[in-house]
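Novice: Each chain, letter by letter, is given below.
There are 2 protein chains.
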Amino acid sequence: MEQVKFWDIKSEIRVVGVDDGPFEPRMKGDVLLVGAVFRGGHWLDGVLRTYVTIDGSDATQRIIEMINESKHKGQLRVIMVDGITFAGFNVVDIQEIFKQTSLPVIAVSRKRPRMTQVKKALKNLPDWQRRWKMLRSAGKIYKVKSRSCVKSVYMQIAGIGRPDAEQVVKLTSTRSLIPEPLRVAHLIATGIVRGESAGTV
Amino acid sequence: MEQVKFWDIKSEIRVVGVDDGPFEPRMKGDVLLVGAVFRGGHWLDGVLRTYVTIDGSDATQRIIEMINESKHKGQLRVIMVDGITFAGFNVVDIQEIFKQTSLPVIAVSRKRPRMTQVKKALKNLPDWQRRWKMLRSAGKIYKVKSRSCVKSVYMQIAGIGRPDAEQVVKLTSTRSLIPEPLRVAHLIATGIVRGESAGTV
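Order-wise, the sequence lines are chains U and R. First residue of the first sequence: 1396, per my numbering; consecutive thereafter. First residue of the second sequence: 1396, per my numbering; consecutive thereafter.
Be aware that one or more of the hints could be misleading.
Same chains, same names: a pair is fine if it fits in one copy or spans any two.
[As the list claims (entries may be wrong)] Simulated crosslink set (DSS-like; lysine-lysine; CA at most 30 Å straight-line):
{"#": "1", "residue 1": "1506", "residue 2": "1466"}
{"#": "2", "residue 1": "1466", "residue 2": "1546"}
{"#": "3", "residue 1": "1405", "residue 2": "1423"}
{"#": "4", "residue 1": "1518", "residue 2": "1466"}
{"#": "5", "residue 1": "1565", "residue 2": "1423"}
{"#": "6", "residue 1": "1514", "residue 2": "1468"}
{"#": "7", "residue 1": "1518", "residue 2": "1535"}
{"#": "8", "residue 1": "1518", "residue 2": "1546"}
{"#": "9", "residue 1": "1518", "residue 2": "1494"}
{"#": "10", "residue 1": "1405", "residue 2": "1565"}
{"#": "11", "residue 1": "1405", "residue 2": "1466"}
{"#": "12", "residue 1": "1514", "residue 2": "1405"}
{"#": "13", "residue 1": "1423", "residue 2": "1546"}
{"#": "14", "residue 1": "1540", "residue 2": "1400"}
{"#": "15", "residue 1": "1405", "residue 2": "1494"}
{"#": "16", "residue 1": "1515", "residue 2": "1565"}
Worth flagging that the hints you see were computed from the coordinates, not collected in a lab. Computed from a predicted model, the values in this text were never measured in an experiment.
Using the sequences and the hints given, assemble the complete structure.
Specialist: Right, dumping it as structure tokens:
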């Protein structure tokens, strides 16, 4: 499969972390999606936002547009997403994001995604086979020791080799187990929606 | 005047930086106000938000509520605000914020506030004498060499001595001339309103 080759991963590599805001069960409408543009694991360089439909299927397209239209696009090297479903079951096609942005994608999860449980839940939604196919296309789930030697996070990757992806996850996990671009995108998205951010790992 | 005494300013001192989002000229309504809770000049610990009325007079009260209702309140040591007017001419009373939160306030500006120009503009607003009185009560404008030895920022202070305030400004200006809590609050507020953040110093 096609991949971006990293000759050298710089400590100030530009990474955008994407996470969604909270919403109430049975709510309809749009949910805030935030992109936190980071230099490595240390400096916030910019903030992007878009909206995605609850249980809709526009997350992939909205993320592609948000990245491609950003003035940071030229500097960005990697896109990180918090898992591969946003706003309920609005599934993200990480292969498609890679194809349309030419930037490798790393989906990071705190817990190992439980595919059989997800499949069961998906079946309540229209168009579930297409969503399931997208989820499956995110590929193999890898365990990464991001920061401590005890605890792990999980990643799925598109357009990047496993060793390079691991190195980017480790390099950017400066503050917690979760890479800083994702930790901060989460704080911003929950803070803006709720008035006060909710804790992360 | 009453002041908070700092025996020792720790490098991880919790500071919240408050800045407003952009709005179009002649717009009416509310403007987003963001609080970025930082540990010193390095780590974002949380995000707060509220709304203030364009050219209204609720900014002081909204900031007091946002801080006092936050779960971070117990850890916070200093409030920084980006200048003393938000959402147009919604003037902030930094003495009142200090009184109602018991936290010292530092108002930081990139440029020296031009009081005669501000006074002229204020006169177009209802209730201008009250706003002018609040602006004047922010007190003396001090020049601070925050980071480089060449360029300066300006501060006005409430509930804190000049040497302590200078130290907090210097300690938190890790990335640019502007203290990190204010730089990041600005990036978040503009990013969320516009879809992409606008540059700071």
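Novice: Look at each hint and say if it fits the structure.
Specialist: Consistency of the hints with the structure:
1. Taking the closest pair of Cα atoms, residue 1506 and residue 1466 come within 30 Å of each other only across two copies (26 Å); inside a single copy the shortest separation is 33 Å, beyond that limit.
2. Proximity of residue 1466 and residue 1546 under a CA criterion of 30 Å is satisfied inter-copy only: 27 Å between copies versus 36 Å inside one chain copy.
3. Taking the shortest alpha-carbon separations for residue 1405 and residue 1423, neither the intra-copy value of 42 Å nor the inter-copy value of 46 Å comes in at or below 30 Å.
4. Within a single copy, residue 1518 and residue 1466 get their C-alpha atoms no closer than 39 Å, and across copies no closer than 39 Å, so neither meets the 30 Å cut-off.
5. Taking the shortest Cα distances, residue 1565 and residue 1423 never come within 30 Å of each other, neither inside one copy (37 Å) nor across copies (46 Å).
6. In the homo-oligomer, the alpha carbons of residue 1514 and residue 1468 never lie at most 30 Å apart, since the shortest distance is 34 Å inside one protomer and 42 Å across protomers.
7. Within a single copy, residue 1518 and residue 1535 get their C-alpha atoms as close as 22 Å, which meets the 30 Å cut-off; across copies the closest is 65 Å, which misses it.
8. Within a single copy, residue 1518 and residue 1546 get their C-alpha atoms no closer than 32 Å, and across copies no closer than 60 Å, so neither meets the 30 Å cut-off.
9. In this assembly of identical chains, residue 1518 and residue 1494 lie within 30 Å of each other by CA distance solely inside one copy; the values are 28 Å within and 56 Å between copies.
10. Taking the shortest alpha-carbon separations for residue 1405 and residue 1565, both the intra-copy value of 12 Å and the inter-copy value of 28 Å come in at or below 30 Å.
11. Only within a single protomer do residue 1405 and residue 1466 lie at most 30 Å apart by alpha-carbon distance; the minimum there is 21 Å, versus 36 Å between protomers.
12. Taking identical chains as interchangeable, the C-alpha atoms of residue 1514 and residue 1405 are never at most 30 Å apart, the minima being 38 Å within one chain and 50 Å between chains.
13. In this assembly of identical chains, the alpha carbons of residue 1423 and residue 1546 never lie at most 30 Å apart, being 36 Å within a copy and 50 Å across copies at closest.
14. In this assembly of identical chains, residue 1540 and residue 1400 lie within 30 Å of each other by CA distance solely inside one copy; the values are 22 Å within and 43 Å between copies.
15. Only within a single protomer do residue 1405 and residue 1494 lie at most 30 Å apart by alpha-carbon distance; the minimum there is 23 Å, versus 47 Å between protomers.
16. When the C-alpha separation of residue 1515 and residue 1565 is checked against a cutoff of 30 Å, the pair qualifies neither within a copy, at 33 Å, nor between copies, at 54 Å.
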